[in-house]
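K.L.:
Chain residues, written in single-letter form:
There are 8 protein chains.
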Amino acid sequence: MRQLDDTDLQILRLLLEDASRTYSDIAEIVDVSPPTVSDRIDRLREMGVIRRFTIDVDSSKLNDGVSVLVEAELSPTVDTDVVDRFAALEDVEHAFLTADSRVFIDANVPKGDVRELLAGGVDLDLVERFDVSLLVQSEWRPKVKDSDTDAELEQTVRQ
Amino acid sequence: MRQLDDTDLQILRLLLEDASRTYSDIAEIVDVSPPTVSDRIDRLREMGVIRRFTIDVDSSKLNDGVSVLVEAELSPTVDTDVVDRFAALEDVEHAFLTADSRVFIDANVPKGDVRELLAGGVDLDLVERFDVSLLVQSEWRPKVKDSDTDAELEQTVRQ
Amino acid sequence: MRQLDDTDLQILRLLLEDASRTYSDIAEIVDVSPPTVSDRIDRLREMGVIRRFTIDVDSSKLNDGVSVLVEAELSPTVDTDVVDRFAALEDVEHAFLTADSRVFIDANVPKGDVRELLAGGVDLDLVERFDVSLLVQSEWRPKVKDSDTDAELEQTVRQ
Amino acid sequence: MRQLDDTDLQILRLLLEDASRTYSDIAEIVDVSPPTVSDRIDRLREMGVIRRFTIDVDSSKLNDGVSVLVEAELSPTVDTDVVDRFAALEDVEHAFLTADSRVFIDANVPKGDVRELLAGGVDLDLVERFDVSLLVQSEWRPKVKDSDTDAELEQTVRQ
Amino acid sequence: MRQLDDTDLQILRLLLEDASRTYSDIAEIVDVSPPTVSDRIDRLREMGVIRRFTIDVDSSKLNDGVSVLVEAELSPTVDTDVVDRFAALEDVEHAFLTADSRVFIDANVPKGDVRELLAGGVDLDLVERFDVSLLVQSEWRPKVKDSDTDAELEQTVRQ
Amino acid sequence: MRQLDDTDLQILRLLLEDASRTYSDIAEIVDVSPPTVSDRIDRLREMGVIRRFTIDVDSSKLNDGVSVLVEAELSPTVDTDVVDRFAALEDVEHAFLTADSRVFIDANVPKGDVRELLAGGVDLDLVERFDVSLLVQSEWRPKVKDSDTDAELEQTVRQ
Amino acid sequence: MRQLDDTDLQILRLLLEDASRTYSDIAEIVDVSPPTVSDRIDRLREMGVIRRFTIDVDSSKLNDGVSVLVEAELSPTVDTDVVDRFAALEDVEHAFLTADSRVFIDANVPKGDVRELLAGGVDLDLVERFDVSLLVQSEWRPKVKDSDTDAELEQTVRQ
Amino acid sequence: MRQLDDTDLQILRLLLEDASRTYSDIAEIVDVSPPTVSDRIDRLREMGVIRRFTIDVDSSKLNDGVSVLVEAELSPTVDTDVVDRFAALEDVEHAFLTADSRVFIDANVPKGDVRELLAGGVDLDLVERFDVSLLVQSEWRPKVKDSDTDAELEQTVRQ
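Residue numbers (UniProt numbering), protein chains in the order written: chain E, 1 to 159; chain W, 1 to 159; chain Z, 1 to 159; chain X, 1 to 159; chain A, 1 to 159; chain G, 1 to 159; chain D, 1 to 159; chain S, 1 to 159.
Since the hints were derived computationally from the structure, they do not count as laboratory data. Heads up, the beta-carbon is just placed ideally off N, CA and C, and yes, glycines get one too. You can trust all of the hints, since none of them are fake.
Computed Cβ-Cβ distance ranges for the label pairs, DEER-style:
no.	chain 1	residue 1	chain 2	residue 2	range
1	E	Ser60	Z	Asp84	32 to 40 Å
2	A	Asp81	E	Ser60	48 to 56 Å
3	W	Ala119	Z	Asp123	25 to 33 Å
4	E	Ala88	S	Thr77	39 to 47 Å
5	Z	Asp25	X	Thr80	34 to 42 Å
6	W	Ala119	E	Ser60	25 to 33 Å
7	E	Pro35	W	Met47	30 to 38 Å
8	S	Thr77	D	Asp39	49 to 57 Å
9	W	Ala119	X	Lys111	47 to 55 Å
10	S	Tyr23	G	Thr80	53 to 61 Å
11	D	Trp140	W	Ala119	24 to 32 Å
12	A	Thr77	G	Asp18	32 to 40 Å
13	Z	Ser60	X	Pro35	27 to 35 Å
Isolated chain E, as found in the complex:
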């Protein structure tokens, strides 16, 4: 079990804000050398803390459908990898699986046809019932907590 220190957390916060920053920019702010920034980032990727560099796309500007949040209540006997099939559906951006076998997905669906969306990859016999809500706003606000408050534990990286 390796630890994340304040420098790691600060680098994570800077990349979350703007991942196109150069190592030099980050180095200056964090007050370490650029090679240190590079090493730290490599280690964070190896540890799986950083899964990838990506972009935040406003999908409402790409699609002309209706944004919905779908809650599907699955049969208690369903396999847990079902969440992958939901996440893989065209138009779906996030998928959440709860301990009581419910899946929540958000999607931008052409003409709001959720049944067609689901039928495109999920066996509907596994779905006991589903409920569709109209989405009016979605926020993504990843955060990295400070290490100096009730810290110790928070910085521990489980592997």
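Mind docking chains W, Z, X, A, G, D and S on chain E? Use the hints.
P.N.:
Chains W, Z, X, A, G, D and S only, in chain E's frame:
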């Protein structure tokens, strides 16, 4: 109303996969010149299609709490900017607001104390009731649709 | 208490199908004189059986919003004329009030903003909670029953 | 994609109010020639905006049953044309199908026997559960929006 | 269709209060002759208005079990005579069947074992789910309305 | 604590069936003397086992309204004597109060106007929500259990 | 049917508080001889009032999982001994079965994987649906009521 | 952070089964010296793993009421120490508080009067609604897991 063409969509897909690619790498794959890639990306940022370059962090590796999905049913009279207050809560990563005044958030909460989480920034008088589910899996799968299937409309960018 | 006979019912059925038919056309089909058709229609209007001549408009061709069905659970103490305020809302086409103080409306709402729709004419303090469903299909199929089946009663006009 | 202008919208509003108005009456109010009114109405019918001329019948004056609103929750695997079977049931006037496979119908049912109503045309195995509400009021208030408020989009006719 | 007059209604009210009254007692109060009382009562029995003379028993004084109200949600495909099987169960006093296929029974159940109660005569496969409430009070208050208030209709006996 | 014996139970059963039986008739069936029957019945009335002699009226033959079952969820702070106010409402025949502050009433309501029914005697501020079901059948089947099956306890009269 | 007297109740209360007290300690407090305490405790064990001497363990200090309360709604046809299978599950401390076929269990589950917990001993086909709540606090407060308040009955031991 | 070893876990299991065992008995089974057993138990008490020595009482043999499970949904603004007030109620044995502000208690209530039970110590204004279930069985099965299966973590004592 400006249009996105196939090159734009391909660039978006490449950046979603790995935003640390260089312009030259992208240019080679998409088969345009690097300056064109640079111009296109600038335009996509101006249009708001790309909101920012960022990293995908595995927050379960950063925190030691319990991952939950909270559904809060708000009073019908509540102000719509309430979703911002939910999104701003420490430990919260996503916040969704539905047309029927319900907010869904996912969070990694120390000791599962959701009430303390909410009390840290939301006026609980606005919350009619809330329901906490234990999260066992979360997937993020942003997608950019092909422009050659029932396309025309999909590529239109609303502004 | 006056009665409707088979001729009345047949005229009603013909007008439901196409209210632009002339009295002569109707007279020929029903096998009475045109003045009789005219008299019957006048009497049906006086009795309130025919409320008005109108057109059936495909509102989805007029609007660009999201079609929804809203169920609003009202406070038990609410005044019954509240249904009028719901029906009068811009974008609302039908409003139904149940014996247990719930109102159902269908509406075509720009951007699916149901809260703004409701706020445009209904005191939200009267609404205990509301639930928004995405509509995928609406059918209107007015019917006039035959008078020769378990009839007598069906043709009675209450006044 | 053809556009509706203010004259079209005004004609629609006049016909919704009273479809027995003559072309001359309408022409005078709208301030165009009667042949123009005739042409416009023909075009609106061709576009499908006007589906038909009809009458608004007060079915409570024709029937002696109990007015109910039935919500039927259908199996997720059900075919979408099921809504037609509900709409075709004797005694049913409207049928609404939501994105989460629920059908709402209003009907005037002799002796309130909803089960017999449904059994008359719907395979009950497809109905997971149904809920019957007593209707105390129904309103039909079709509306045509003004073209001069956040207009552009509203007048667009999709075809 | 025969009518009930004020004398009939008064006799019904007196018998509901105390069915051990003699015809003479009733005749005196109602101000008719005893044979008239006798004739009226015979006619009310023939019409089915009076189903039988009986006693009101306080079953809580006869049994030592737990008084419960059970709501059983039945399959939509169930036969309507199922309510008879519920009413016939030992320990059950009343059974109500609603239009949406739910049965409500009140019963005084030894040791509160409702499952054993139901299993004693009802095919549990027909029961989708059931809900047991603890009863703390039961009231029986049969009433016969006055004939002089919005009357006419109320006194009509359907046959 | 006095006991009911088999003779008492048999008399109760005979009276439930037909309370117009004479003491002699009952005496013959039960095989005791008529004065014994008289004494037993007097004692059963004193003990409160028999509350009164009454008639079973088919209220659907007396009223022309809609038969409903109303479930009213009351505020947890409500007074328990509220059930009396529900039972006293015109049109209500039975009222049941559960341990979790819900009241169930059956009633035959003119035009199905349940809100007016409730408003006629119950403070609607105490009612959190109410739900109206259409009744299609009601059964009353009072039973007196045999004393020879797991008896002892059943016959005990609590006082 | 044997009775518990005040001395029995006092001894029970003392042992609930601290079962490691010696007979002499208890004897002194209750003001009887130590052999009497010994006899009384033996009798209470024989009667089944005391099921065993045990310890109250803080399971949150022994496990590192998530504490949950699971409500499982079982099929109405399920066998009642199913509660044993729930209680026997690893990680489960209490199991409650209600009259309407629902089982509640509290458990401390590694990684909150409730499905795996249930699958470890319960046939999931019997579970219609289940709902998982995050537990934040559990209290165990066994009490023995005083014998001098509405007593008589309370002290009766059923056997 | 101190560790529990196999000896500790074995001692805990033996005491759960029968806390009246002598140190010598335990020592023999676990194969350590009696003073070691004594030391271990003292340490387990200091660490709070053993909260107290107690007895398992069959409360159904002490009380004559109805066994219920009550779920009370509390206002989101309620103070968390409310669970103490529920646990302190006469007749209540366990109280559980969930992360979404619901309290579950089991109790043996005289005459099933749950409202009186709650009113005896809880401010009913804090209770949004409550639901009472009849309990038919309760099991208490504390378990101490083996240390040799996915152990390490399980034995860790958090302090």
